[in-house]
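Number of protein chains: 2
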Amino acid sequence: MEGDVGIGLVCQNTMDGKASNGNGLEKTVPSCCLKAMACVPEDDAKCHSTVVSGWFSEPHPRSGKKGGKAVYFNNPMWPGEAHSLKVEKVLFKDKSDFQEVLVFESATYGKVLVLDGIVQLTEKDECAYQEMIAHLPLCSISSPKNVLVVGGGDGGVLREISRHSSVEVIDICEIDKMVIDVSKKFFPELAVGFDDPRVQLHIGDAAEFLRKSPEGKYDAIIVDSSDPVGPALALVEKPFFETLARALKPGGVLCNMAESMWLHTHLIEDMISICRQTFKSVHYAWSSVPTYPSGVIGFVLCSTEGPAVDFKNPINPIEKLDGAMTHKRELKFYNSDMHRAAFALPTFLRREVASLLAS
Amino acid sequence: MEGDVGIGLVCQNTMDGKASNGNGLEKTVPSCCLKAMACVPEDDAKCHSTVVSGWFSEPHPRSGKKGGKAVYFNNPMWPGEAHSLKVEKVLFKDKSDFQEVLVFESATYGKVLVLDGIVQLTEKDECAYQEMIAHLPLCSISSPKNVLVVGGGDGGVLREISRHSSVEVIDICEIDKMVIDVSKKFFPELAVGFDDPRVQLHIGDAAEFLRKSPEGKYDAIIVDSSDPVGPALALVEKPFFETLARALKPGGVLCNMAESMWLHTHLIEDMISICRQTFKSVHYAWSSVPTYPSGVIGFVLCSTEGPAVDFKNPINPIEKLDGAMTHKRELKFYNSDMHRAAFALPTFLRREVASLLAS
Chain A
1 MEGDVGIGLV CQNTMDGKAS NGNGLEKTVP SCCLKAMACV PEDDAKCHST
51 VVSGWFSEPH PRSGKKGGKA VYFNNPMWPG EAHSLKVEKV LFKDKSDFQE
101 VLVFESATYG KVLVLDGIVQ LTEKDECAYQ EMIAHLPLCS ISSPKNVLVV
151 GGGDGGVLRE ISRHSSVEVI DICEIDKMVI DVSKKFFPEL AVGFDDPRVQ
201 LHIGDAAEFL RKSPEGKYDA IIVDSSDPVG PALALVEKPF FETLARALKP
251 GGVLCNMAES MWLHTHLIED MISICRQTFK SVHYAWSSVP TYPSGVIGFV
301 LCSTEGPAVD FKNPINPIEK LDGAMTHKRE LKFYNSDMHR AAFALPTFLR
351 REVASLLAS
Chain B
1 MEGDVGIGLV CQNTMDGKAS NGNGLEKTVP SCCLKAMACV PEDDAKCHST
51 VVSGWFSEPH PRSGKKGGKA VYFNNPMWPG EAHSLKVEKV LFKDKSDFQE
101 VLVFESATYG KVLVLDGIVQ LTEKDECAYQ EMIAHLPLCS ISSPKNVLVV
151 GGGDGGVLRE ISRHSSVEVI DICEIDKMVI DVSKKFFPEL AVGFDDPRVQ
201 LHIGDAAEFL RKSPEGKYDA IIVDSSDPVG PALALVEKPF FETLARALKP
251 GGVLCNMAES MWLHTHLIED MISICRQTFK SVHYAWSSVP TYPSGVIGFV
301 LCSTEGPAVD FKNPINPIEK LDGAMTHKRE LKFYNSDMHR AAFALPTFLR
351 REVASLLAS
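Chains as they are written, first to last, in full-length UniProt numbering: chain A, 1 to 359; chain B, 1 to 359.
It should be emphasised that the hints constitute simulated quantities derived from the structure, not laboratory data.
Relax, there's no trap hidden among the hints.
Any copy will do: because identical chains look the same in the list, a pair fits if it lies in one copy or spans two.
Think about it this way: if two alpha-carbon atoms lie no more than 30 Å apart in a straight line, the pair counts; the simulated DSS-like pairs of lysine-lysine are:
hint : residue 1 : residue 2
1    : Lys238    : Lys212
2    : Lys185    : Lys124
3    : Lys312    : Lys332
4    : Lys124    : Lys312
5    : Lys212    : Lys280
6    : Lys320    : Lys249
Work out the full structure, taking the sequences as your base and the hints as a guide.
Structure, rendered in structure tokens:
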């Protein structure tokens, strides 16, 4: 979950605007999505009383270090819960044109990137998200050549795509240059993705970029976006999916970050419904990522009209790609068994979405 | 994760004893297991400065309700992190002969059971743990008849076992009667498991119970225990696994709660190694459970010498068992796809344990 790639509004303003509109916010944003409101500073955010937000919390002095208080970062999750990471040292804190950017060294998860108060990645568990969002689509098609990343300014998804030697062009459209700069400075294991000569970086709005792209250019598009409220809201609306579909080849694939099955079933249903109107086949997969809300993240995988894509049985298994397992660094999480397993859905989710999914 | 079922020591005493022994605690308990030390009240626990422990924390007043402070329960996880659940109302708080028992109504996870400061279950996500720990073993063998639950005093595992009409006897050995009483009062959807006439309740120490059990009595044993430190430490030692194996029929199966793959790889390796010395085949599976540390919990599945057991491909699929999907309440999480998927291991874990696992 990286960067802001949508309509380019500043999250702060969007939220303030909505919040001051006669409590309209609570009508337009489902209650389970309130975590996104963490981008509103605590002083102003009277409407999200159940979220422990803010950059830091200071626990009881007795549980702190001798001679000083321990400092925790509260990762706002769902209303009614919070996940706190102990801060060893704040490494960077600034406001870009689009969002608050924070980097800190945590006690046990390595360095942590936070955008608008929400943890985007930690060094400990980024492997799960980056590897799954990249290889679920790329291992589902033969010899992907042109790939687009929407968002993904930290470079981690690029690092994963570059394992595929068949790929010739890796376009990335990230709206916030500060995310890229910060990643290059503090997250070299992710930013290494930018070093690949196949990567072409485009700073700007993804919808605009896609409108200018030739029709049918890409074999795969990976949408590595923020949560679908605020600036990234446009990225879960039908026109954006139509733009994505237009940019894909026949039989091309889309992989879109798609929330937690435990917390946001209705958003998942909405996204699948919208995709079904545009794509030939739509599937849902998920992965364990400890520092994301409820410890999981989902992906919607779609393919356009054209050659059939069997997402659940990778036609292009990573284990058979020359050097892919060790390119730049060893794979840590993904493998073909994990690929197939990712499409197994808990019964409660299957009940909600089974009728929407079809190939 | 339920009750204390081991050697019957009071956690408080065990921990105090070790902690006062010239810092011996940090030598005997791996650093990643410090969460178990949350059973030591904060005032006394100088040694676990990185864990936010204690029953409650009170966040910044501005983020609380109007006219009062919001109260959060801090679920100690790994050193350096904590997961907080908002408390609506404390329903029960007492100390049994074995542990502190707390029940509260949370804002968004339903009622929560806490033992010695560690969340054991919430109404929102208990389905994942209970269904997986019960059906992974029971669906891997044909017509299970005699089943033993070690721990599991909340009754949730019993509820799941009772879906299997082939089962004739369900023994349960739980050391702490207060857990059962509390579950019957506050968690009727779990305690309903005790209503099954096939259930025979034994209050006491599991190792002692097993020593008195006839050899080869059980088709399946499910160990639904606390974390393997303190009172439950004996449950991850070789003699206990030998006792379990002795109580199983040839081709009988054991399913043992086995920690988080993200946090406790070394404990998983240890447990698999020990099991390999006693059992014919040993496998590792895992499930998403949002309120457990890192959002996952693992299971070690073992079978004794005798007819081969293919854990990864359930021979006794729940979908084909008459009425099993809806018995007492609808299945929420488990299904045969989830069963197979549970055995897919991330690459980092596979590297560590692949050489230990074999069938």
